[in-house]
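Enquirer: These are the residues of each chain, in order.
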Amino acid sequence: MTPRNYSRRSLLRVAGIAGGAVVAGSASTRVLGRPLVGGNRGTISAYQELPEAELTFYFGANPVEAETRQKVIDKFNEKFPQIKINPVVAGPDPVQELQTQFAGGSGPDIMMAWELTYAGLADREIFADLQTFIDGDAEYQDVVANDHTPELLDMFRYKDAQYVLPEQFTDVVLYYNKAHFEEAGITPPPADWTDSSWNWDKFLETATALTKKSGGRVQQFGFVDAWWPSLSSMVIGTGNGGNWFDRYVNPTAATVTDPKIMEALQWYADLMNVHNVAPNAEQSQTQGGIDVFLAGRASMTLVGHWMYPAMAQLHADGKLDFDIGVLPVGPGGTTAKTDLGGTGLSVSAKTSNQQQAWEFVKYSTGPEGQTVIAESGLFVPVLKSVGQSDSFINAHADVENATVFTNGLQNAVQLPISSKWAELAAAWDRETVKVLQGQAQAADVYPPLEEEMNKILASE
Amino acid sequence: MMDMVEPGAIGAVPAQNIRKSSILWRDVRKNWTSYLFILPNLIGVLVFLAFPVLFAFYMSFTEWDVLTSPKFIGIANYTKLFTDDNLFWTSLWNSTYYVLLTVPASILAGLGLAVAMNQAIRGIAFFRAALYVPVLASAVAVAAVWRWILNSEYGVLNAILEKLHLPSTIGWLTDPHYAMISLAMMGVWKSAGYYAVILFAALQGVPKTLLEAAELDGAGPWRRFINITVPMIAPAILFVAVVAVIGSFQVFDQVFFIDRNGGPGTSTYVYNLHLYNNAFSFFRMGYASAMAYILFAILFVITYLQLRVGRERASGAYDYE
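Those sequence lines, one after another, are chains C and H.
Note that the working numbering numbers the first sequence so that position 437 is 437, with each residue one more than the last.
Note that the working numbering numbers the second sequence so that position 245 is 1245, with each residue one more than the last.
Bear in mind the hints are in silico, worked out from the structure with no lab data behind them.
Even for Gly, the Cβ is constructed at its ideal location relative to N, Cα and C.
The calculated DSS-like cross-link candidates involving lysine-lysine, where the alpha carbons are at most 30 Å apart (straight line), are:
#, chain 1, residue 1, chain 2, residue 2
1, C, Lys455, H, Lys1080
2, H, Lys1071, C, Lys159
3, C, Lys455, C, Lys159
4, H, Lys1071, C, Lys420
5, H, Lys1080, C, Lys420
Interface residues of chain C toward chain H, partial, derived using beta-carbon atoms under 10 Å:
#, residue
6, Arg124
7, Arg217
8, Glu282
9, Ser284
10, Lys434
11, Gln437
Computed spacing ranges between beta-carbons, pair by pair:
#, chain 1, residue 1, chain 2, residue 2, range
12, C, Lys455, H, Ile1298, 22 to 28 Å
13, C, Ala179, H, Ala1144, 31 to 37 Å
14, C, Thr255, H, Ala1076, 28 to 34 Å
15, C, Gln219, H, Ala1139, 33 to 39 Å
16, C, Lys178, H, Gln1250, 49 to 55 Å
In isolation and in its complexed conformation, chain H is listed as follows:
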């Protein structure tokens, strides 16, 4: 790799640019077979990811119904969203509420499952696999099953509550106060297995020596978990938190398959449902693109803050190494 950095004959063109591009070009010529192998993927990313992302940015400044030609309207879509669309705010709040309900719950559930997976009991491989099944199940099937679980008349959830002598006439999906909580339960159930696998991998990387040393010093199981295990897996927890926030903010399919109108009322009308309606029911692609970019900006800021705060907190874990 040393021979790559080689000052060539440079003309009037700024030195840095020509050096960068000639280095890349030289590298391509030298390793052309490798580049040929990644070419299909590269084309895929450019055509199906980079292009739509940039195109959507352009579209967000237009009015476009897919069939007739787009009309440039400047920032009108953005101003309309912020000043003249009540449902924008309603749906933004609904998605935020969903994030607040699901993220802490799924991290805790994922951590609990990861600890359970880490136990040396007979047939643990089966349980590990079983816990991952909800992640793989299709959202349509999950919604169909949960619709029955949550059925207020014949559902198993209310039946269990009845057996426990708890309030058992809750309209899980028909009462606007409970509908979002029900969706959050589904969301946690579906995603906890995924977070558990990541956290489980991190758990296995916690040095046994540290735990044993702590045990010799008289630390109980809980203390060992809080003071050693959790700090050691903090980077993984941070990763899970970031992924969970992004994933939860983008919630769409469960909601869509439970009630595509986001009902009862507007109680489950989440951000992406509003985006979907604008794009595919009202065919306002420009408006929907603007919504997508606002969501991107929100997620960008949140993730940035999470990583900043999280890195400081989690840095202790790296100190050991």
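Okay, chain C solo, but in the shape it has when bound:
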């Protein structure tokens, strides 16, 4: 923990005590509220006097994100000084950590939930159904009905329960190094998701022109994947008009042998192994994809908004001049696609302070919290009113094309939501990596893979 963070937290504690005193002083003039679950419509819970509580809030964040996260907590505490939030930053395997913590009876009260993995945890009865709270809260019902993004709400709706409320939309986009493009005199990727001129051929041509070799070694790559190459190739596949599952919430069958998916995977792998405009397995040993891009050794990279704060920091320090564009569209597709990814917040089914935890989730996913998020540039907010607001655009002044992030929503294909994801991913990633590393062809390894995945989906 940096001294700066620490002092801020101590400051917060003092502010909390002062705030608490004010509230206590005025308590006699107010009707003492009770935690209401499924109760009075029209009760404005923000004014309820909830009992004091100390809550653990578990979330994943890189250091820059974690710092901004605290801002939301600080703002929340201005309103609810009696609820102390203890942040806990997740390690590399959040599902495993949560599972272990809950098995040991010490799970957090509030949790960040990830689209790919929450279903497995929901099946293990870790999350409370937030629908109960929404039903008892007229104010928030309005937000859900009019301001939330239905696609994201649905993504976190599993087996008829709203286990998670979306908090951030995390589509992937194409970041590019502006200086590299200017130097080479090449037109950068477009900012319009429907621009079909930005196709695979154009992408390869651009990446080839930006790749610089000398003495048998590549000095600068046209492209590098900074996300999860296996998953990137699937997203590229959906931009080729393909689908890798029959449906994405609770899929019943894998369809990875869809020729459009296999074609995309092979094209993506060839960028590395045949054309070598992106680092192959050997060239990736030394530096991770994101570091290659940040060090100026690659001109384009595919990654989500979560890397924006770090890049903006480098931009402010004069070390990186970047902007964002859309992903390329495949020959089988009509427009480019990104992934409908996101994370949300959930309340533990086991906490004894559910009402207080709900207030925090409600605050963070509601207009106030989302505005703080938009202003900080931490996430792409999920509320329509906030996403289209000036505050989001202003917070992304480091790039010209900030709307690429928000407009991705209309051109996004969902990620699979299945309680079997861990097992599906293990099999699918194993075989996909073989193709990406040039050890196998998609057409050879995907048919048996599809059988294996379907067996996993069919198992009870």
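Chain C is fixed; fit chain H onto it per the hints.
Expert: Here is chain H on its own, set in the frame of chain C:
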């Protein structure tokens, strides 16, 4: 101790049982302070070793995800492993391959180091300590260092091969044919020091008189080593072989920190990685427990055979004494 064996008043209860338990109880009462001293350890062993071992055996017949209550499913986990899990066989073979690569190599390396440690040269104490450092180093650090050594573009191993005009573009960790060999190199490097210390202790116990007698009879250094030293330290070599097989079969951490998916492909997907994934990624504790018991059975049989064959061979060493 003589007074312990004392036929007491015995009722209808089988004589042997009551005698055993009353002897134990009497011993406890007589030496209660000693028992009090070992009590913390005893509790530790019971709670953290005996209980989990037995509990895992029970779990191997259940389906359990840690959070919801376990479901008894008989031998279904075992039948699934043997009949319906390709990765079980893949990972079992990978671990076997690792054992075949590392065990002979680390015994030879350990023996070589032990002989080197046994030399009377200046500063030998330093070298003895230095050789043990890899054993103490954490697997994470070892993996990080070796990842750089084995880097195919900038790694020191390929650089040395280049200087020697040998093939120097080997993808030590990226080529599925070499990945396991690379892990075996790491394994030997990390464990040889431990075996060396055990063998070194045995070497120091070889009677000088025997070696001198052989020398007087005209035996050269190599002959003395093969015909006297090796037979004399055979029990230690046997011990090292047993420990090495058990240790290598359980290889996990180096693999996990080099590539937690056991890649490239499934080339380094070892048995314990499959066990770990089932337990902590898929939360199939029952299935993972069944895997643990199968590994236990395999190691039990191998160790039993090793000891049987080894004892016969090594018995010559005891004859002298």
